[in-house]
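Visitor: Residue-level listing of the chains:
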Amino acid sequence: MIEVGILTEEQKDLLVGQEFMVDVYFNPVQDINDNWFISVEEMDQCVNENFMWVKDLELIDYEPKLFIDTE
Amino acid sequence: MATTRPFSYNSAQSAITGTINIGTLCIGVSPLAYSANPGGLTWWMGPDEDNSYVIAKDVSTTNFPTPVGNVGNVQFWKSTNTDLAFTNLVSLISGTTQGSASVASAWLLTNGYWTNYDAQAFISAAVIVNDTEKTAIDTLVNGLKADSLWAKMLAIYPFVGSSGATCKYNLKNPLDTDAAFRLNFQGGWTFSANGATPNGTTAYANTYFIPSNNWSGGSSSMSAYSRTNNVETGNVWGTRSGASSTLFSCTLNSTGNLTACYHNTNASTSLAGTTSAVNIISSRISTSAQIQGINGTNQSNASNESASFSPNPIYLSAINFSGTPSGYSTRELAFAHIGTGLNQAQCTSLYNRIQTFQTTLNRQV
Chain A
6 MIEVGILTEE QKDLLVGQEF MVDVYFNPVQ DINDNWFISV EEMDQCVNEN
56 FMWVKDLELI DYEPKLFIDT E
Chain B
2 MATTRPFSYN SAQSAITGTI NIGTLCIGVS PLAYSANPGG LTWWMGPDED
52 NSYVIAKDVS TTNFPTPVGN VGNVQFWKST NTDLAFTNLV SLISGTTQGS
102 ASVASAWLLT NGYWTNYDAQ AFISAAVIVN DTEKTAIDTL VNGLKADSLW
152 AKMLAIYPFV GSSGATCKYN LKNPLDTDAA FRLNFQGGWT FSANGATPNG
202 TTAYANTYFI PSNNWSGGSS SMSAYSRTNN VETGNVWGTR SGASSTLFSC
252 TLNSTGNLTA CYHNTNASTS LAGTTSAVNI ISSRISTSAQ IQGINGTNQS
302 NASNESASFS PNPIYLSAIN FSGTPSGYST RELAFAHIGT GLNQAQCTSL
352 YNRIQTFQTT LNRQV
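Chains A and B, in that order, are what the protein sequence lines are. Residues 6 to 76 in our numbering are what the first sequence lists, from first letter to last. Residues 2 to 366 in our numbering are what the second sequence lists, from first letter to last.
Be a bit skeptical, because a hint or two may be false.
Unchecked claim - Simulated restraints on C-beta separations:
hint: 1; chain 1: A; residue 1: Val27; chain 2: B; residue 2: Gln300; range: 37 to 43 Å
hint: 2; chain 1: B; residue 1: Gln300; chain 2: A; residue 2: Asp49; range: 40 to 46 Å
hint: 3; chain 1: A; residue 1: Glu24; chain 2: B; residue 2: Ala152; range: 47 to 53 Å
hint: 4; chain 1: A; residue 1: Glu68; chain 2: B; residue 2: Ala303; range: 39 to 45 Å
Quick caveat, the hints were computed from the structure, so don't treat them as lab data. All C-beta atoms, glycine included, are put in the ideal place defined by N, C-alpha and C.
Chain A with its partners taken away, still in its complex shape:
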């Protein structure tokens, strides 16, 4: 099972548009339960000193949001 780091809404807002390493940006995503999360790759590879707290995020099982074609 893939694990991901769960975020609060406030933490998500802090990460959007921010680099976690040179030229690679955080991409918080919502799971099927509308939890915001980032991947363990973003947590492990983060070298941005402003966001080292992501390494301590609680891990949860990844449950992807269902893809719905609206047309």
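Chain A is fixed; fit chain B onto it per the hints.
Guide: Just chain B, lined up with the frame of chain A:
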């Protein structure tokens, strides 16, 4: 140690092993005994290319002044390795003001000149330091020019340098801007000498290439080199608006040995295959047919193109669904291109150049 290469005038454009022809200008790409006149041609070493942009043009009258008399069959020019110096030099050669270095390079190609500018500009911008990667890029650019494919490419992503900072650059226009279709990596990517691997949950790359702005009906193409053999529903590339008729996407092996490329339409024809570690090309040279190719083997099928294209940028490793990424992929990418339409022979030629590139880097599948 100086970096030079040999050139000659090849009026018959004959195929000489270890060389390539760009029009009637023949360029040595392998360490042959050029003093022994391979191909029956007289060869001339070009200027030192270290920290320089070099231009070459064959002289069909074979009387260009040289230290050994008026017997030269190639003329050379050289500038320092800045865009301004290169642009000014081409303006001088052409007798017309060139608006930018990329415009100048395009003028040279159209008029039968060779230059090291395109490969060197990318290598400099991406700060590529590995000699094998430098050679692979140089050979790729020359090969695409020899096959008349370079001008059909709008963006080329070679995925070299083992970092986001190097893999983001577009070989066709290596500027660090959205307008130059430089990739913007989002989410969990892992970079290595083999390419860039998305994690399938948050990772995608924005190309900033918008189909509705940059393509016209019946002339478009895209390819990607997947190093991963698996079964997944993730998109290798994709974009669409709310209307499914604008769909432009590709999946590999999503339902068991099937490939599906939607090319500005909501209908596709699947290709069978035994692995999804492949080079996949999708192309249109008409609004009523689509070419799909796997590893240089291509087929054309009836496929009507929508009148309107997606207004959203193409994403790599996910689909841009009306501005929201979804359908994430885990496939390691080692090459991608976006271009104008390629016919079946051109798709095969492109695959062959890509495969040579990957083999040089020892990451071919």
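Visitor: For each hint, tell me whether it holds in the structure or not.
Guide: For each hint, the structure was consulted:
Between valine 27 of chain A and glutamine 300 of chain B the beta carbons are some 41 Å apart, a value that agrees with the proposed interval 37 to 43 Å. As the Cβ distance of glutamine 300 of chain B to aspartate 49 of chain A is approximately 42 Å, the hint placing it in 40 to 46 Å holds. Look at glutamate 24 of chain A against alanine 152 of chain B: about 35 Å separates their beta carbons, and that is not inside 47 to 53 Å. About 40 Å separates the C-beta atoms of glutamate 68 of chain A and alanine 303 of chain B, a value consistent with the hinted range of 39 to 45 Å.
Violated hints amount to a single one, hint 3; each of the other numbered hints is respected by the structure.
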